[in-house]
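Colleague: This is what each chain is made of:
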Amino acid sequence: MSALRLDVRKTYKLYIGGNFVRSESGRSLPAPSPSGGLLDNFCHASRKDLRDAVAAARAAADGWAKKSAYLRGQILYRAAEMLEDRAAAMTEEIARSTSAAPAQARAEVDLAIDRLVYFAGWTDKFAQVFGAVNPVASSHFNFTIPEPTGVVAALAPDEPSLLPLISLAAPAVLMGNSVVLVASEKFPLPALTLAEVLATSDLPGGVVNILAGRRGELISPLAGHLDINAIVNASRVEETHRALQAGTAVNLKRYAARSLTAEDWFTDAAENPYWIADTVEFKTVWHPIGL
Amino acid sequence: MMPQTLAAPRQMPSIRERVPTIDQVTVEERAASFAKRSIKTAAKLAGLKMTVSMMDITSLEGKDTPGRIAYLCRKALQPIAPKYESPSCAAVCVYPNMVRHARHFLGQRSAVRIASVATAFPSGQYPLRTRLEETRRALGDGADEIDMVINRGAFLAGEYNRMFDEIAAVKAVCGATHLKVILETGELVTYDNVRLASQIAMEAGGDFIKTSTGKIQPAATMPVTLVMLEAIRDYFFATGLRIGMKPAGGIRTAKQALAYLVMVKETLGDDWLTPDLFRIGASTLLNDVLMQIVKTVDGNYQSADYFSLS
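Going down the list, the sequences are from chains F and S. Read in order, the letters of the first sequence correspond to residues 1 to 291 in this note's numbering. Read in order, the letters of the second sequence correspond to residues 1001 to 1310 in this note's numbering.
It should be emphasised that the hints constitute simulated quantities derived from the structure, not laboratory data. Quick reminder that beta carbons are idealized off the backbone N, C-alpha and C, glycines included. Watch out, some of these pointers could steer you wrong.
Derived Cβ-Cβ restraints for the label pairs, each shown as a range [unchecked claim]: (1) R27/F to Y1126/S: 56 to 66 Å; (2) V21/F to D1064/S: 38 to 48 Å; (3) D1064/S to H287/F: 28 to 38 Å; (4) E281/F to G1062/S: 34 to 44 Å; (5) R9/F to A1304/S: 37 to 47 Å; (6) T1253/S to N19/F: 17 to 27 Å; (7) A1304/S to A88/F: 37 to 47 Å.
Straight line, CA to CA, 16 Å or less: simulated EDC-like cross-link-like pairs of lysine to aspartate or glutamate [stated by the list, open to error]: (8) K13/F to D227/F; (9) K1295/S to D227/F; (10) K1255/S to E24/F; (11) K1036/S to E24/F; (12) K1265/S to D1276/S.
Non-contacting residues of chain F with respect to chain S, defined by C-beta distances greater than 10 Å in every case (computed) [what the hints assert, rightly or not]: (13) R51; (14) A69; (15) E92; (16) F141; (17) N251.
All chains, full assembly: derive it from the sequences and hints.
Modeller: Here it is, written out as structure tokens:
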């Protein structure tokens, strides 16, 4: 062991289509520690990376939606297992990025794992609970079933740095949507570490894509992107909220705001099954029955 | 008395000797360099529209029906809403049996030409008599252009004269009608062969040389197209004749198409940047180009949901 060993500094990559890629723009940004020092560098996504991420999400959406609900649940559960496996690393990542105490960071990781398991359970229950067989006055079976809306873009809040990622991505992914997650600008490293967990979790490439960088560059192309079917926004910046809502008019995207305080993300409020309904389309089918 | 040395009888060099060989490394590096140009905004939009105007949109499937061909023709005539000011495509490319349906839909006078594959497309492995008959039928049904396949079996067996004669025979049937000669470069294996086959096709009377049928992988690639473009350039210097080029198959994105345009411009010059001398054969490319046009004009990234089926 030598004290002279050089640091091996990591450059965190974007997670697009199951691959860890540098930004198309070649840019990176330093991730500062709470005290102002340099933690590591991370890739600075451009709007073309957003374009690529949406293309990857679109390519993955169909296959993911066709997997059985049971299998999607198994895969999400596997993601929870992998996070459990890497809980120590994730704790360390949160603690060094934010000013959270190690115990507090560990509590967040534990809750994130539990929450992933919780949402994994909903995959084969949502249609049961939220779908319906409707009474109609003719000789038809009439039933209402949820289907994924397609590609969902989600914007994470700054704090906490891990929990909201689960609460934003899991409700969309569990029903067969694919997600482009825009990490916090302030604390991107836990999100990019989560990408490394997801990459080893049997989740098909492209089902979750994670971008980091400057929000301001991504909001406008994201809002106007015609191939994004829904936006879930957990940023509480009023300007962002308005810019995104304006963009939804272009192709009638669904829009859901998650206006939670940092403390709220630790409560049941962030395990709301109605959040799943925000990124599904309910289809009602009339099926004739014989006389 | 010294015995007089007799000069060897003069012979025409064989075509194999007249055609230069290709340096694989150089041609691949040079071809790759064309994809590195930065083409933005106004130049990009102009390039995209030029791509549309040079496109032979293609449907060569067993499941082609008159309805599908009518749809193809409609798309070729008016690829996208008029406000984007896109030109129509150069041609539709169909099987001989579909020519009359395309003609019926497009009428006798149309901005969109009808190209028919012929001569036992895609294999070419049928008797010459039936191949010529097929060509005659396609012409009789109203084809404006014939895309023939060469006899790769003959070429690879070294029967260059036979290949030449067959192309010449098809050209004789075509008369003034444009003849595109498909080399099917994916089956010719080496760049030397591609260069040689290009030379034979041009000398035998082909108006265009075309890379591929689209049924064999690899289809059109940048290096193969560059080899053919250089053959066209040298043929022009030798004879003054302008032969057209049509890469086909494997060009799926607008970005690729722009790189091909750059390659044509930098190898043959602006003279060749016209649908009369350069075409791109493709089926899925058109939608990507249209998406890029709309993106450039409207500013939003587009979704395939808003474009017609390709």
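Colleague: May I ask which of the numbered hints given earlier this structure violates, with the numbers listed in increasing order?
Modeller: 8, 13 and 17
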